[in-house]
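A.B. asks: The primary structure of each chain is shown beneath.
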Amino acid sequence: MPDREPKIVGFCCEKHGIDSVDLAARSGRQYDSSIRLVRVPCTGRVDGTHLLKALEEGADAVFVLGCLEKNCYYDTGSIEGRKRVAYVKSMLSEVGIEPERVEMFNASSSMSWKFSEIASNMVKVAARLGPIGSRGGGR
Amino acid sequence: MKRRVQVVICRTCSGAADVLDVDRLLRVASDAPYVGSAVIVNYACNKKSISEIVDDAKSKEVDRLLLVPCSKKDVSPTLFQAYVKKAKMNEFLMETVDLVGEAALPHRDDPARAQAKAEAKLLAAIARTALLEPLHKITEDMRTKNVVVIGAGVAGVEAATTAANLGMHTIIIEKSEKKLKVPGVMMTKSRVISTEGHAGNYSLSIEAGEKRETLECAAVVVASGGDWSDAERRFIDAAPDSKPLYQLDRDVSEGKTPDGTVIIIDTPDPEGARTAAQDFAWEEALDCAIEIRKKSPATEVYLLFQEMRAMGLAELAYKEAAGLGVTFVRYDAKRPPEFDSEDGNRVTVLDMAQDETLSIAFDALYYASVSPNPDNIAIADALRIPMSPSGGIRRGSIQRGPVTTLRPGIFVCGSAKFPKSEGMARLEGRAAGLLAAQFAAAGEVESGGSVAEVAPEKCSACLTCVRTCPYEAPFIGVAGKAEIAIQMCQGCGMCAGICPSKAIELHHFTDEQLLTEAAVYLRGDF
Ligand code: SF4
Ligand code: SF4
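Chains as they are written, first to last, in our numbering: chain A, 13 to 151; chain B, 53 to 578.
One chain only, chain A, in its complex shape (with noise of 0.2 angstroms):
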């Protein structure tokens, strides 16, 4: 285990994702501190080279939290979002560096539970997977 937290980034969409978060922290959910919130209008608004620039610069993981697929503000928004992710994931396979540190998500703005989720799930990564190039693979 490194010495140090976590590193994670996520990019939130200002819509149902930050309001997810927000009811959150409301409702009195805790989770790891480790994780740092950039808000985006819309989860399409992120493009590949902002997830690996966001490890480049530290991160051990990154995600992506939109709206819910069926009730995307945008409409497709959220679908495009999941795209960028899975091209990315692609593309970190291919280097060597594991997938798995780049996820995305959906929530709907009720749902309080969803958000210490995904948090812990990050987390349990990260912490799993260590700081890039750690475990052997390369950066």
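Bear in mind the hints are in silico, worked out from the structure with no lab data behind them. Be aware that a few hints might be false.
[Said to hold, decoys possible] Within a straight-line C-alpha distance of at most 20 angstroms, the following computed EDC-like cross-link-like pairs (lysine to aspartate or glutamate) qualify:
1) A:Lys136 / B:Asp577
2) A:Lys65 / B:Glu557
3) A:Lys65 / B:Glu564
[What the hints assert, rightly or not] One-sided and incomplete, this derived list gives chain B residues near chain A with beta-carbon spacing under 7 angstroms:
4) Pro158
5) Ile450
6) Gly545
7) Ala570
Just so it is clear, the structure is predicted and the values come from calculations on it, not from any experiment. Positions of the beta carbon are idealized from the N, C-alpha and C atoms, including for glycine.
Given the coordinates of chain A, work out where chain B with the ligands should sit on it, guided by the hints.
C.D. replies: Okay, now just chain B with the ligands, sitting in the frame of chain A:
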């Protein structure tokens, strides 16, 4: 541009939950690059604080504000509009950061890490704020106060009446020849062919009988209803006399109850190939069953439902119906009721509750669900709005409101989305009428601000953005390069995220702004 940030920390909000050390946050902000002023106010959403902040902004010559309140949604918009005006600041240079919702509340068990995280987040927000650019919105006057309603059914008439009562000029487009007394204009034998323009100033092409007309309008309500014709039902062959539930409802309310054994089934197509079981019919089915049993106790009533979820007070109707001897049969969609091919008036069904196969001879059969209106395809195409997989008009995300569509200024109500009871259709019609009227009454529409822009020199005219944008804002302009129609752009940034040539920038969420925020945030160790 000066790029001098004023950081205003609200003690009431940021100190809430007693997790964060507000004075330390102030010191962190004061020492950060680009910060021209950092102050704590006791309570930011208050007129007095606003004038203090404005005075501070003027004396320190800052050009942008980072407010550290609770959640962005809790900040009083009118107060901060006043701030922006008084401080002569561009509204896009005002940013907020929520340290309470993202650090204090979820990490109250670990205050030391919560504080460290809040400080890192504050620095990231300052870095982002320093990179913001002033942006401008465009306002355009609406040319008319017209609200066009498509369909003169229950929902459509209610929508038109509601909007007309609020002073809008309403035009109902109805495909049939039916004449109704409605406020405003009613065009019969008409349909919408295509749409141009954008929210507030739509221009519809209408085919009215032999004629073609152009109709300007501020807002549109789609109330195309369900398919009330009796085409292609699974039961038609097996039980040729089957009728939709609304007819039973009407008969019963006029005092006519059927004799013999009555079956009410949730859908005419239990396998769900054409019409899925719908959730609107429970109450109506229960009401009909109760009335029949009360008025003619000799009539047996069976309710064949995959699911009977009588909600709210309808629970009482459920109880009453059971007490009156109505038989409830729950069946599995995978083992749908079978109609006897010889004896058209006999059905065999496995009752899941009793695990028993029933063979019921009936005299009348009513089905609750209706198919989507086949006209929806043409309507959706004309208005450029998406459809749902079940053949209805797809409603917009619930955050846009209950009767919205993807496109601002276009609303949808009643069975146009999926089958609704009459009462629900009327209610939705009223909601859509209200929202359309509110939209049209504004008299002007705003656009611009945080929208996408193409750098033509980088564009390779690959059309990816044109195909991806759900609002059809990008187009290939005369120069053979993509351009974005500002009035159509909703600022989602999908085009910017997908452009293979990285030729599109979404203002207010530029790559530089997003990546800097992430990088600064990652520098914090906690
Ligand atoms: S996606 Fe980019 S390169 Fe392709 S047409 Fe649009 S702006 Fe031009
Ligand atoms: S930002 Fe969204 S709405 Fe605007 S042009 Fe791009 S994809 Fe379309």
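A.B. asks: If a hint holds in the structure, say so; if it does not, say that too.
C.D. replies: Going through the hints against the structure:
no. : hint                : in the structure
1   : A:Lys136 / B:Asp577 : 18 angstroms, holds
2   : A:Lys65 / B:Glu557  : 17 angstroms, holds
3   : A:Lys65 / B:Glu564  : 11 angstroms, holds
4   : Pro158              : 5 angstroms, holds
5   : Ile450              : 6 angstroms, holds
6   : Gly545              : 3 angstroms, holds
7   : Ala570              : 5 angstroms, holds
The structure meets every hint from the earlier list without exception.
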